[in-house]
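Heads up: the sequence lines are chains E and Z, in that order.
Numbering of the first sequence is given in my numbering, commencing with residue 1 and proceeding in unit increments.
Numbering of the second sequence is given in my numbering, commencing with residue 1001 and proceeding in unit increments.
The set of hints was computed from the structure by calculation and includes no laboratory data.
In silico DSBU-like links for lysine-lysine, alpha-carbon gap of 35 Å or less:
| # | chain 1 | residue 1 | chain 2 | residue 2 |
| --- | --- | --- | --- | --- |
| 1 | Z | 1123 | E | 323 |
| 2 | E | 142 | Z | 1135 |
| 3 | E | 567 | E | 264 |
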Amino acid sequence: MPEHDVLIIGAGLAGQRAALAAAEKGASVGIMSKVHPVRSHSVAAAGGINAAISVDDDWHSHAYDTVKGSDFLGDQDAIEVMCSEAPAEVMHLEHIGVTFHRNDKGEMDLRAFGGASMKRTAYVADITGQALLHVLYEQLMKHHETVARYEEWFTTSLLRDEEGRCAGAIARDVRSGRMEAFTAKNVILACGGAGQAYKPTTNGLIVTGDGIAMAYRAGAPLMDMEMVQYHPTCLVETGILITEGARGEGAHLLNANGERFMEKSAPNKMELASRDVVSRAEQIEINEGRGVGPDGAGIYLDVTVVPRKRTLEALREIVNLGKDFAGVDITREPIMIRPGQHYIMGGVKTDIEGRTPIEGLYAAGEVACVSVHGGNRLGANSLLDTLIFGRRSGEHAAARAAGIPMPTVNANAQLREDSTQLEAIIGRSRDGRRVSEIKSELGETMNKQVAVFRDEEGLQNALETIGRLKEEAGKAWIDDRGTVFNQDVLGALELGYMVDCAEATVVAALERKESRGAQFRTDFPERNDAEWLKHIEISLNADDRASGPQVSYSPVTITQWQPEERKY
Amino acid sequence: MAEVHDRPPEQFTLKMRRYDPESGEAPYWDQHTIELEPHRSVLEAILQARDRFDGSIGIRCSCRQAICGSCGIRVNGEPALACHTHLDAAKRSAKDGVIEIEPMGNMPVLKDLIVDMDAVHWKKIQRVTPWLLPKQPVPEREYIVSKESMVDVTQTMGCIQCGACVSDCLAMEVDPGFIGPAALAKAYRFVGDPRDDQQFERLNDLAQDPQGIFDCTHCFKCVQACPKDVNPMGQIMRLRRIATGDHHIVDKNNGERHEATMVGLIRNYGLLHEAEMIPRSYGGNSWFAKFTPAAGKELLASLPVIVRGLMSGKFNPKIAIFGHKIPKQDLKAVQAIYDKIESRPERYELNLYIVGEDEAPEPVAASTEGSNS
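Chain E with its partners taken away, still in its complex shape (with noise of 0.2 Å):
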């Protein structure tokens, strides 16, 4: 049974940046993920990172930026972490290797971005998330006698022990199909959002909540769920990104009579107000049958007028995208876009060192909501957040494992249960429904009814909906009985993951009787500071999950910047 110090679940920017900082304290290290480390979802990060590295730039703008973007739900300690310790932590990646853009002056340069009341985007033209992550496996393949890496282990469970502290997991090598227990002092989850649970969605197909699933289910509470990032600029027909760094070289947004509506919702900022903002916008003008394309259901994103050049060199990525997945040269002509689900805000509450409740366990990047994001993440912060708290994650866990002993736990109960749970969906009769039909179902009834505008009955079909689907889920059948590379089975574990995740977004949706970031209730149209400015925690009686989630409340963390007035 193999052991570690500190043992990391998801090999994303989060989860590498915490094996490193480990492993550099001194810890013995493993990495686990399901895919190989370079295919996590890090990699279609594209815009930037922000940083205040400029010498007229100060981490407190940046920070009070962020606690504005996030409509005053963001925890203000843990932005302050974040942005003061960004410079540095940019600067560290630039030594290590990345290939950040330079200005004439040789230095890094900087774009601008939504909701930024400066230029403070460092960037890779626009693979910034896949220079970041393939120069971190750089150093995983640097350090690999120190950190050991289990590429495609697929994780069932979390393991604890009799006093309730997470003390290893479960995982399913996917190209054996063989199940092991692994022992480890600390646990970091670092295995993303839940996007897959939205159709469509700009995330991968491997973006199934696993992490905030498993943490759920082992009594781990999830907060700010509620808040479900809708990206401005999605393409109409596929979901897939264009990167915010178009707006941020200066491209406009137009509806059918070719105005740049965001003139009055932003007047200021423009189409580089905070991305809420923009989608409420554009979603106000489809609505309102201003929207181009033979449905009316989008809106023209103008890049022609940024230089061409500039273009090629920056946005080169798009251009790519543009053509081969819209047929659009986006350097000549405009391109449909619309708004679609991208990010989840919230994720398993964890304190400024990356601690969930759980002792043992950890978690940083999307998985996790420490919270800096509040209720409306800010472009080219959701790196940033994955590098600082999986650098801090990482650390801290180190510490902590150098105090205490490997946890005596007896992993073969659990270890036969999972594997008995994965012989049980392998070996079901087909009276039920496919896996993939389930999760079409799911998809669609997320991006209906829990979109960019809810409503009270809307959430409660949703619901009901989901109550209905996860009946289901548990009934699915499927096709692939072998044990090399069964994706079929695990395909149902994670449709399973996702249907907890929609359920807990649902319930907090239904809970916030109000609009802010995200969440915008047109039944409850204005932010009510009053009765609302606090967290929506959501958790299960690990030892009764059938009783279902409960709700409780925690306070936000207001440092220096009181609650005002929202504008762009």
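Based on the hints, put chain Z in the right spot on chain E.
What follows is chain Z alone, placed relative to chain E:
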């Protein structure tokens, strides 16, 4: 604007090579007909077949937008990313209109379309010391380097490790130990990075390795295969030019001498003088080279090839001894090209990421008014 999404769904037939390692059976062909709009991707077609007909179809995939690099396969015999290949294009290049889907080559198949990238691709990546060896002292802030140098290495940074180039590398087919296009492109990412401290050491290592930069046969397959314009062969050629031109590395594989000989012979004769290639590559660039022991030995070893060439009429004894003759005017034109290139103060390096100045604006200025059309 081009409203590609107006096109109605059509039927497409996929013929997939399947392999179940647990069955004890050989690979077999499996066929499914799906319905999608013609500009949708081959990946979406495979996923539709998996969702509707057979959940056991094995393929790695995630992002659906050509950035995660998971879904490298072969479509109609050519390496490609499934998510980056349109169905209509795939149908056009298919025999009998049936789109043929296979796993990538040069790597062992684990199941269906899933290959063992660790055993080949990642092992080769690990071979090139794939991390920055930074110049010391590390500055307090960022390294100050030129904008062009960072844009330049971003081309190889853009490699998504999909394996398409590895799949169809002809040199690797013959010599599985060849470091190969992806790993050598990765090597350029450090060699071209002005922050790296080990440019000479890296190049010397790759030049002296008999399966290194001089093992590439210049076939362009990887350039064609790459879905991200990384231009792996171009990067290999740049590694060679920096190794030989800037560092004057003379490798024990005779790669440098072979290249110098070829360039020199064409300058002198306008065409390749085949009979002089081997002696000069091994014995130095002179007519007397053929009498050096190393060249003699190599000539002797190459006798069967030479005989075969003579027998098949690929060349005759006269050309072999005196070389090709081309008209004087043509020779002058060839030499003029040499003079022009050699008179440049700096070497030109072609990089697709560095583009020219802004072109004159096209008549799309009506974007605001014209967008509601």
